[in-house]
Structure formats: C-alpha cells, structure tokens
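All chains, full assembly: derive it from the sequences and hints.
Going down the list, the sequences are from chains A and B. Counting in the numbering used here, the first sequence runs from 510 upward without gaps. Counting in the numbering used here, the second sequence runs from 510 upward without gaps.
Worth flagging that the hints you see were computed from the coordinates, not collected in a lab. It is possible that some hints are incorrect.
Same chains, same names: a pair is fine if it fits in one copy or spans any two.
Straight line, CA to CA, 25 Å or less: simulated DMTMM-like cross-link-like pairs of lysine to aspartate or glutamate [claimed, not checked]: (1) Lys619 / Glu649; (2) Lys628 / Glu641; (3) Lys693 / Glu771; (4) Lys1061 / Glu547; (5) Lys1061 / Asp1086; (6) Lys1049 / Asp1038; (7) Lys1061 / Glu794; (8) Lys831 / Asp891; (9) Lys1048 / Asp1086.
There are 2 protein chains.
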Amino acid sequence: MWFIRINMSDRTYRVEPAPETYKNFGGRGMTSSVVADEVPPLSHPLGPNNKLVFSPGIVTGTAAPTSARVSVGGKSPLTGGIKEANAGTSWARDLAVMQVKALVVEGQPKDQSKSWGVKVTWDAAAGKPKVEFFDATQFEDQDLYQVFPQVYKQFGDQISIAGYGNAGQRNYANSGVVFNDESKRPSRYAGRGGLGAVMGSKRLKFILIDDKGAPGVPVADKALFEQGRKKMTDALMKHDITKPKGALNSYGTAVLINIMNEAGGLPTRNFTAGRFEGAAKIAGEAIFEGNKQRLGKELYNHACSPGCIIQCSNTWHAADGKEIASCVEYESDWALGANCGIDNLDDIAEMVRLCNAYGLDTIEAGATIAVAMQAGVIPFGDSKGAINLLHEMGKGTPMGRILGSGTATAGKVLGVTHVPTVKGQAMPAYEPRAVKGIGITYATTTMGADHTAGYTIAPEILGVSGKQDPLSPEGKAALSRAFQATTAFVDSSGHCLFIAFAILDIASGFEGMVEEANGVLGTHWSNDDVVALGASILKKERAFNEAAGIGKAADRVPEFMKTEPLPPHNQVFDVPDSALDSVFGEL
Amino acid sequence: MWFIRINMSDRTYRVEPAPETYKNFGGRGMTSSVVADEVPPLSHPLGPNNKLVFSPGIVTGTAAPTSARVSVGGKSPLTGGIKEANAGTSWARDLAVMQVKALVVEGQPKDQSKSWGVKVTWDAAAGKPKVEFFDATQFEDQDLYQVFPQVYKQFGDQISIAGYGNAGQRNYANSGVVFNDESKRPSRYAGRGGLGAVMGSKRLKFILIDDKGAPGVPVADKALFEQGRKKMTDALMKHDITKPKGALNSYGTAVLINIMNEAGGLPTRNFTAGRFEGAAKIAGEAIFEGNKQRLGKELYNHACSPGCIIQCSNTWHAADGKEIASCVEYESDWALGANCGIDNLDDIAEMVRLCNAYGLDTIEAGATIAVAMQAGVIPFGDSKGAINLLHEMGKGTPMGRILGSGTATAGKVLGVTHVPTVKGQAMPAYEPRAVKGIGITYATTTMGADHTAGYTIAPEILGVSGKQDPLSPEGKAALSRAFQATTAFVDSSGHCLFIAFAILDIASGFEGMVEEANGVLGTHWSNDDVVALGASILKKERAFNEAAGIGKAADRVPEFMKTEPLPPHNQVFDVPDSALDSVFGEL
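Right, dumping it as structure tokens:
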C-alpha cells in the first residue's frame, strides 16, 4: 500500500510505502491524521505549508456497496481549522485499486501564473503507481462543463478527474474540489471548507487517474468481507429510505424539503423563518413529477459513483426535456431556493449548474447570496439576480470575490449581523432553533457548521434509530456526540453517509460495515471499537483546531439564534453552553 | 461624578452617579472595565448588545499638560476582541469638566434608516449633565469636512463633536470615531479597531458637548496635584523629543520616517522590505522644509487639543500655500506612503484628508491598500489609484466595502497570503523582523497589532530609557510586558502617550504623572502601584478576549514573518512562542 507525495514547489513526486502507523486508516481518519501530524496549525491555508490530502475509504475499491468515496483534507481557508470533505466518484475507486492509501499534495509554485496537472497511472514494471506532470494553464478561467470534455478528449475516456474551477483558481474560501460523476459531468464535489482554493493555491489544476492494470484492493479475510458486504447490501435494499424506488431513489435527497418544512425547520430567507411558502414547488416530489411531465416518463435517480445501490442522484430537465443540472440535492435546492426565497426549480437547477461550472460549494453559495439579499444587494426571491451573482463569482468581480469568500466574510464585508455560520462555515438546511440536536452538531463539530458531521436529524425528524423531540434540548449533547463519533468512522470506511439510515435501524447492517472493514484490513474491531476509533479521529481534529486558535468559544451558534425566536415554533436556541462544552468535554 | 447611559433602542438616557467601584478609573481603565463587565464576549460587535464607552482620563480637564484625551472602548468589529482607542480633543476636556466619568452608548434602533445625535449640556438647576436627542439623518453620506461646519453652524461654535463618517455609517471594520481638533477640523480620531462602526450600528451620528457652566474636575489634593503638574511640565519642556522646537514640535511624528528607514525597520510595499528609497521625500524633515518653501516661513506644529505643550500636530500645504491636510502623522505618512510605495507628499496628504473625510483609520487604510496592491488591484506606487480606492471606500462600492472591511478581511477576499495583521488588525509602521520587541507587543497586546500598546521603539530605536539592540529577541518579552502595563496606566491617566519619552528618561516626570493622579483622586499610589494597576487592566482585557475566543494562538505574528527574511537585515521574526506566551503568562 502506497503514499504518493506530490511537491508543487518543484514539481517532483515520491511513491513511498504507506507508513505502518497509518495502515488501518482510510478516508477521514487518514486525511485528518496526516493533516494533524504534518500541517502546522498556524500555517496560512493558502500558503506552501498547508497540505491537501486525498484518501479513499477503507473498503473503497472493493465490492462493498455504496463505498466509492474519497476524503479530501487540509487546513480550511473558510474555517481556519482542520477540514475533511468527501465525495462519491469513480476517482475514489481508481485511487483505491492502485493501492494508494493517501495522495498528499505539498508545497506551492512561486510562479502562480502557470497551472499544472498530474496523471497517475499504474507502472506494472515497477509494481507501483507513477506520476506524470503536464501544463494545465490552458484549462484555467473556463466553465468546468467546457473543460471536462477537453480533458477527456486529451487523456482518454477511461480516466477519472479531480480538480478545481474558477473559484479555486481565485483562492475563494468557497471553492470545492470537483470530481467526475458516472456521466463525466463535473458534478461531484468535496464541497465544503474551501479545499478547492487549497488545490488552487498549489496550482494543481487536475489529478487524473487511469487505473489500467491496477492490482485492486487487497482483502485480508475474503469470507468475512463477503459476509459483511452481504449484510450491508441487504440492509440497504430493505430500508425504506435507501431501497430501490424508495425515498432517495425516487425523490433524491430533496425529499427532505417537505419534511423539514412541515417540521418548521427549513431555514427560509437567511434563517428568518422555519417554513417556506414555496416549499412544495421545489420539493423532491415536485422534481419527480416535473421530470415525469416534461419527459413523459418516470425518471428514477442514478448512482453518482460505481457500486452505489442507493442511487439518489437526480437530474432536472427543462421544459424541452434537456437536462439543466445534476444533482439538485436537498442542500443545494434549499440553499439556492428556500433560503433565498426562490421557488423556481428551473432557476435553482441553473444555479446548481453554475456552482458546478465555477467550482463553488452550493451550500455556502446559497447561504452567502441570502446574506447579500439581507444586505439589500438584491431582493429575496430574485432568482435572476442570484444567477447573476453566481456569474460575478465565476468572473471574479469585486462583488463576486466578496461572495466567493464565504458567508461569514461576506457578512463582515457587507455589514450584516444576521449571519448563520459557525467557525466561519455556513449552516446547512436544518434550523438549530427548530431541531436542537443538529444545532449542537453545528456548534461543536471540528468542521464548522456541518450536518454531515453528526446527523441527528435521523432520530429528531426521520424516526431513524428511535424518535426524539426536535424542539427539546434534553439529551441532545450525548446524541450529537455519539453521532459525531460514529460518523467519523463511517467517513473513514469509504461508505457514503447515507448508509446510516439502514445501519442505524438494522443491526446487521452495522455489523456488515464493521465486518467489511475487518475483512479488508484483517483487524478484529467490534462495534464499540469502531465508535472509539471515530472518537479518536475527532480528538485529533479537535487538538489541531485548538492549536489553530479554535477552542470552546467557537463552539457556539451565532448570537441572533439565542435572542431571535424563529417562526413557526417561536423558539430560540436554548441549549446551554455547558451542554455544548460536554460534547468534546466528555468524548 | 456621573455616568451617562444613552440607550439607542428607545432613545432614552440616564444620568447616574458613577459606581463606587469605578471611582478611581479613567480612560482605558474605565472603558475596558465597563466593556469587560457589561458586554457579552460573544455578542456581535455591530449588534444591540455591544456597548460603546467614552471616558476621559483621570487628570483630563485639569491643568495637567497634554492630558485632553478621551478613551473609546467596545467590542471591536475588526479584531472581535476588546478595544480601546483614544484621541486628543477638546471633547475630552468638555466631558471631563462636566464631571462625567463615562458615557455609555447602549442598544440599537430597529429602524436603521434614521440617524440621531445627542447634545450633552450642564443642567445648572439639577446640578448634573443632561442629554437632548436630535435627528441627524441629514448629516449622513457626506464628507466630514462638509458636515462639521454645518454642525457648528447649527449648534454653535463652542461645542465639541464626536461622531462617525461614511465608514462608520457603512459598518466598516475600518472606521474610527472622529473628534474635532482645535481648528474645528474632523481630524482627531480614536481610529483603530472599527469603533466608528459600533457607533454607526447604533445610529448615533454625533455626541455634541457644550460645557457652558460645567463645574470642572474636582481635585482632592490641590497642592499635590500642582506639584505633580509642575514636574510633568518641566520634564516635557526639557526632553529633546517633546520640548518646544524639539523633534516633535518641529517635524511632527513623521520625524520617525528617516529614523526607522535608517534602522531598516520601515515597512515598505506591504512589508516586503524594511527600507524605502523614497523615505527622505516623505520624512518629517521634508514636511518642515516643504512647508517653509511653500509658505515662505518656518511652520512649527500645533496642539491637537487644549493644554498640550508638546504640540506635534502638523499641516501640509499645497504649492499654492493652501492647507491639504492636518495631521500627516508618521503612521499615516508611512501607511499611505512607504507601505504603498508612494513618495509624493501631496498625494499622501490628500489621502490623509480623505481618511478624515470618510472616517477611516489611516493605518488600517494604508495597510489594506498595500494588500490590494499585492493582489494586483493597482500597482505599488500608484498614488492616484490609491486616492481612487479611498473614494471607493467613501462611496461604498463593492471594492470600497472590501477595503473598508480592513486588512485581514480584504486579504481573505482578495486571496492574498502576505497579510501583516495580528488578531485581524493591521500592523503599524515598525517591522517586527527588524525590531523584535515591538513585534512582541504586536503579537501579544489585547488590542491586535498596535504600537501604542507597548512602545518598545523607545529603547530599541530611540535610546529612550536605555538602549537595546532592536534585532535581538533577548529580554524583549519582559520589556514589552513592562511597557504594556505602564502604557495601560498612561492611557488611563488622560495623558497623551507622547509624555512617555520624557517620563521614562526623567524620573521626576514619572513621579509627576503619579502625583497628578493622586492629587485628583486623593489616592496614595506609588510608582509601582500604577504599573500594577496597568497590569490589572491588561488582565481584564485578556479575560474578555479569551471568553471571546481569542487566546494564545492569536498571540502570533503572521506565518510569512517567520519564514521570509526581511531586507536589509535579512532576518525573520525569531522570538520563540514561549517568549510570546510569557508576556501574559508572567503578568
């Protein structure tokens, strides 16, 4: 198993055996360990001492279902803390089957006027991967929907692509790392935290992988792995949320629009209300029905990456049947829709397309546009104005740069006090005042406000793994802590987080996840062991953040959420600071 | 002695006896105590829970020389921490002689479309101050050089004015609180840390004072006070730096340009060098000689405020003899000059005038423009372009808003890594890599990078109170700590910090300062006591910052200063973190 280190200061690389101490790491566990061990916590996120780490999950590249995820880690230009963001893509599988545990990008060219790409291939003679550099300057300053076909044309259809867009090129704190989906779209993003700008600051425009001849992922105990794989598959195929033609496969993640609106927890018009009168018009059901009407047939969703059996990725089609964008996720739909007071699916999908085209995180982009609306730059509900602001971000005008710098910074620049961020990262599509547990996750996770770090929505709203009152703060710190620790392991396994619904409700599913990992690694982890492993990852991340100056005082929701009641429940965020402090205090 | 509390939520006020526990506080000691006691550390600086506190010094309003200073305090929108900035102005004296220990502005109007002013007068019948509100909306969106004459016309020539300009109105983190000088110019600023925006967020455009009939400052021990006053006066009149026609009276603070340039510590072109080839053209000597040539006579400097015997405030005159601006301080001259690669005094003075006109801190403005130059917005040395950028700030264009948000935020938005700030505040005109002690002050003071918080330049460069090697880090943490503690008392006394040269070199001067304070208050403080008092103020400030999330990790200079050697000495900032931590660790 290998570590690839690419040094952009002098465009050299090394392929080294993966360090023994890291041998059981993967995904988030790997990226956070490398960042914590190698990046000075006070280094500038866009300077030469930050590193960008890619790591496939433990079971990525195997036959484990829904496991083609890659974690990307580094010090975040958005939060100033440690960051892991992950994406589902063939790129993850391709890196894994080349037996690469981590690909670490280091250094920075002094001359920032040229950009470079690397192509990673399997060197059969040497029995290890090799790296070639190429000039990629010509691919800058372009819409990624135009760039990807050029890259495929030049390097062949069999490659997978990682890269950044205009946002990363311009050092925006809102810039993701883009990966190809199964239809070669630039649509799968390790979106949050500005890691596109870290890649951009290193002027590494693309990492291409051609896995031809790669040996595949070694599996230590094939029988155990196979047993785990079967349990996981059964759970996913059985659960209402993840089964074929189930909630996610039919309506995509946007199935949550109506559910969260009903719960009064769909943040609307920059988090000034918990219900949006236009929710039904942008909900997952509306996407399904609208596509049916426009295409003349039912369209179920597709897989974003090889081997996914949940297949939740949707597309939205224009009146003439032409695809506008894929994927209109719940978060994107909400951020660019309800949170901006916009209820027009065609315009929302166009905004998703523009985020993909320019390399922006849709959540951060929508939250920032909503703050700009609050500042009076354009009115709430002005979808054409919002589309224009996205173009300004792509072009790098002064207003575009303000918005590209993320919600917290844009709020400062525009003089807005009502800014829904934690640790500089915009809150996603669940209102802390209406769902207290997720507010605790937002406040305390090492990542900045992030629903995926501890998705307590499962029990608080969806009735998965029990049912808890979303409005009550009672017991929610412990709930968030448990979810955060388990999630840190799921994010290390290589599985998509959406397996959580099935494995939390179906005990054999959880066993399956652990058996898959034990099968691949030859370990003997118990269910408790993997949660403890997750907790150990959180502790590493936390220590990094504290050394970077991000401590307890940063584990808070913004002041306005503690003083302004949110309709329709008219509640404030009433979780005491002591409960917030207990999340890591008692980890 | 009184506290005036003005509530901008409902435009009411209270005049209350000053709390017994605060009776010996003044200036910074008062503002920092009120902020630490009353402002929630995690409140939004521009929200209703921040407070803006004005407090004259302990001896302000008496016959003590050079003591008409007022401290302004609050939570800073620039640093996110506690802030005190002070200015010399008749406003300080007028508040003091009304026996007001503190004027506290609280709350915030929900309707931000209208602005208000208050006029504070002495109510002889009631034997205490009174406050009247007036609509001040008409004064917004104007150059302060146009506004001040309108205000004097409406309210009479005898008033003193405190207020904010376009920068504060637009919520800029770079916005000062403006006060009148002795010639009714809008030129005296509590400039640093964005307190103008705090005032702006409360929509309190002006605080006017008419001290007619005010009883004056009570002096507990007149003989002791008089003894102290005489010692202080003698020291100031004797010391080469502060005496009439001495360095400050002749050349103003800009006398430091040549000195710092010679020392290799004049930050040039956004802190990329320590020497500026155009230094002699913008130095205090050049101002003196230029004025002489253009006016046909020697022009010595004037007092910024009543009772100042140092009189260091200069003016710069155009070729036709007309005044361009007052005052071209060393810091302004450097920030808008050398640091931007600009060597044209007429253009620098015009930029100073624009900062005064729009309500911007000159240091932060110059540092931000230099970062914009680094980003390629305009080239280094482009003085006309820089003037245009100041107009953009005044007008509130998107680029103007970026720059008005201060150096650190502008650096983020413009994607620049070479950003010379600590705790979000731009470094002033002394290079930490060339003068290690001042770097320790920048790094550790509660204020964000601030030379006035612990001016170790005195021994490191000027040979005041001994002579220390500026390039050596040895012993400098202790030096900075001692200077910071003493300074916190000087900033409480009401004296201008420039008394420091005389009182550090002349022991009777220091005694004089202490005796003046004891004379006014009836206290029996020793020299050691006042330093301990200063230390206790620092500890309060530090505790506030820690609760606001600003701890040890924020006590660092930017990464580039530890990795990039600075010409001509080619040194990095080599003070170990342990030394930085010892400043407050051993306080």
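Each hint, compared with the structure:
Taking identical chains as interchangeable, the C-alpha atoms of Lys619 and Glu649 lie at most 25 Å apart only when both belong to the same chain, with a minimum of 18 Å there against 46 Å between chains. In this assembly of identical chains, Lys628 and Glu641 lie within 25 Å of each other by CA distance solely inside one copy; the values are 5 Å within and 73 Å between copies. Proximity of Lys693 to Glu771 under the C-alpha cut-off of 25 Å is found in neither arrangement, the shortest distances being 36 Å within a copy and 61 Å between copies. Taking the shortest alpha-carbon separations for Lys1061 and Glu547, both the intra-copy value of 24 Å and the inter-copy value of 21 Å come in at or below 25 Å.
Taking the shortest Cα distances, Lys1061 and Asp1086 sit within 25 Å of each other both inside one copy (9 Å) and across copies (22 Å). Within a single copy, Lys1049 and Asp1038 get their C-alpha atoms as close as 17 Å, which meets the 25 Å cut-off; across copies the closest is 45 Å, which misses it. Neither within a single protomer nor between protomers do Lys1061 and Glu794 lie at most 25 Å apart by alpha-carbon distance, with minima of 41 Å and 51 Å respectively. For the homomeric pair Lys831 and Asp891, the shortest alpha-carbon distance inside one copy (24 Å) is at most 25 Å, but the shortest distance between copies (50 Å) is not.
Taking the shortest alpha-carbon separations for Lys1048 and Asp1086, both the intra-copy value of 20 Å and the inter-copy value of 24 Å come in at or below 25 Å.
Consistency with the previously given hints fails for numbers 3, 7, ordered from lowest to highest.
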